[in-house]
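J.: Sequence:
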Amino acid sequence: MSFAAKLLKWYHENGRDLPWRTTQDPYIIWLSEIILQQTRVEQGLPYFHRFVEEFPIVTKFAEADEEKVLRLWQGLGYYSRARNMHKAAQMVQNTLGGIFPTVFSEVIRLPGVGEYTAAAIASFSANEPRAVVDGNVYRVLSRYFGVAEPINSTKGKKLFAALADDLLDKQHAGLYNQAIMDFGALQCKPKNPLCGNCVFQLECVAFREDRVEYLPVKTKGKASRSRFFHYFVVSLADKLLMAKRGEGDVWANLYEFPMLETATDMSLLELVDTEEFSTYFKAGVVLEPIGVPIKHILSHQHIYARFYRVTQAEYLKIKKSEWDYFFWEKIDTLAKHKLIFSFLERNKQLIGPKL
DNA sequence: AAGACGGGGAC
DNA sequence: GTCCCAGTCTT
1 MSFAAKLLKW YHENGRDLPW RTTQDPYIIW LSEIILQQTR VEQGLPYFHR
51 FVEEFPIVTK FAEADEEKVL RLWQGLGYYS RARNMHKAAQ MVQNTLGGIF
101 PTVFSEVIRL PGVGEYTAAA IASFSANEPR AVVDGNVYRV LSRYFGVAEP
151 INSTKGKKLF AALADDLLDK QHAGLYNQAI MDFGALQCKP KNPLCGNCVF
201 QLECVAFRED RVEYLPVKTK GKASRSRFFH YFVVSLADKL LMAKRGEGDV
251 WANLYEFPML ETATDMSLLE LVDTEEFSTY FKAGVVLEPI GVPIKHILSH
301 QHIYARFYRV TQAEYLKIKK SEWDYFFWEK IDTLAKHKLI FSFLERNKQL
351 IGPKL
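Note that full-length UniProt numbering gives residue 106 to position 106 of the first sequence, counting from 1, and the numbers run on in steps of one.
Everything labelled a hint here was simulated from the structure, so no lab data went into it.
Where hints are given, some of them may not hold.
Unchecked claim - For lysine-lysine, the following DSS-like pairs were computed, each having C-alpha atoms within a straight-line distance of at most 27 Å:
#, residue 1, residue 2
1, K330, K317
2, K68, K348
3, K6, K157
4, K68, K155
5, K239, K282
6, K239, K218
7, K158, K222
8, K60, K158
9, K6, K220
10, K191, K170
11, K239, K189
12, K60, K87
13, K330, K68
14, K191, K87
15, K244, K191
16, K239, K68
17, K157, K239
18, K239, K9
19, K348, K60
20, K155, K220
21, K244, K348
22, K157, K170
23, K317, K282
24, K68, K244
25, K155, K170
26, K191, K9
27, K222, K155
28, K338, K348
29, K222, K6
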């Protein structure tokens, strides 16, 4: 039996029952695929349901404002996905007459849709013979063929893409693609794969050579850096001052408190002595530490955040245009990043709802 | 070719 | 702590 035939048999008996598998609507499939980029199924599931509920058709998505989309996305991470989705929906609405494309060469033009996602949409919605290559596929193929070429090298990516194309069951492209990803997620797992009852035991090179735990190979990236954030909780009557982050850094376009970043960790005493601080506040302002410092870990940086309450808003020197005071109820509807909304959650009794 | 971009779960 | 997750975009 061929690889594909065995795989499809395995899938028939062990495949997951997932909500986006019951449709061929390219829009719904696109929704699920963007949400699932670098995201575990269990984590993305509730977001998928919320997006389908809120935007059942692409026209609704295109009509929404970005603020609303980001709010729905809040907490999922990689927020450029949400912004690109919004742009893509508007492209479909304005230049494709609201008809979501299913053809690989057209789908891949949409912002946020790369090789993987285009192959997924084209194969799932129209059975176009395009092989998906995601983290699961890299793992399955590197083990099955015993390939030690790093999966994050240019050479490796080409090699695995070619292998995937070779293996694809072109008659059942959609089903086959679902199958190989489920196989990677459920059976050929990163840690403790279920080789004991694997249908590919006889032909899997890594299993035969006892190299399963060393594959796939991935070269290490840069070590993560440390950053030190100082947030100012500025209240005026029953409103709170919030600032929108700019582009070109983590959490682009999301709301947080006004803040200062320093190159090293600093106490409040050291902070008030810095030049930046004096551009924010007039001399004599009183700041009160609030809550506990938070260490927020991202995959590429460690952020150490301290929070200070400022009750004398009149000591605030400059007022950037993107800063604004919001009523407490409004704060709830702003798209905030995780560090801020978990701080708000933990310190409600200290700063709100009465402030 | 290398980095940037989030948050959470498994070990 | 480390690695990985239905990756993409920018430099």
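J.: Does K87 sit within 27 Å of K60, going by the straight-line distance between their CA atoms?
T.: holds, 13 Å
J.: Please work out if K158 and K222 have their alpha carbons no farther apart than 27 Å.
T.: holds, 23 Å
J.: Given the hinted pair K6 and K220, is their Cα-Cα distance within 27 Å?
T.: violated, 34 Å
J.: Between K222 and K6, is the straight-line Cα distance small enough, at 27 Å or below?
T.: It is violated: about 39 Å lies between the C-alpha atoms, which goes past 27 Å.
J.: Are K348 and K60 close enough, with their CA atoms no more than 27 Å apart?
T.: Measuring from Cα to Cα gives roughly 34 Å; hence the hint is violated.
J.: Has the given pair, K155 with K170, been kept, meaning a C-alpha gap of at most 27 Å?
T.: Since the Cα atoms of K155 and K170 sit roughly 25 Å apart, the hinted pair holds (cutoff 27 Å).
J.: With the threshold set at 27 Å, check whether the alpha-carbon distance from K239 to K282 stays at or below it.
T.: It holds: about 21 Å lies between the C-alpha atoms, which stays within 27 Å.
J.: Run the distance test for K68 versus K155: straight-line Cα separation, threshold 27 Å.
T.: Violated, at about 41 Å.
J.: Please verify whether K239 and K189 have alpha carbons no more than 27 Å apart.
T.: Outside the cut-off at roughly 49 Å; violated.
J.: Under the criterion that the straight-line Cα-Cα distance not exceed 27 Å, is the pair K155, K220 satisfied?
T.: Satisfied, since the Cα-Cα distance of roughly 16 Å is no more than 27 Å.
J.: Decide if the proposed pair is consistent with the structure: K239 and K68, CA atoms, cutoff 27 Å inclusive.
T.: holds, 21 Å
J.: Within a Cα-Cα threshold of 27 Å, do K191 and K170 meet the stated pairing?
T.: violated, 30 Å
In terms of the numbered hints stated before, the structure departs from hints 4, 6, 8, 9, 10, 11, 14, 15, 17, 18, 19, 29, listed from lowest to highest.
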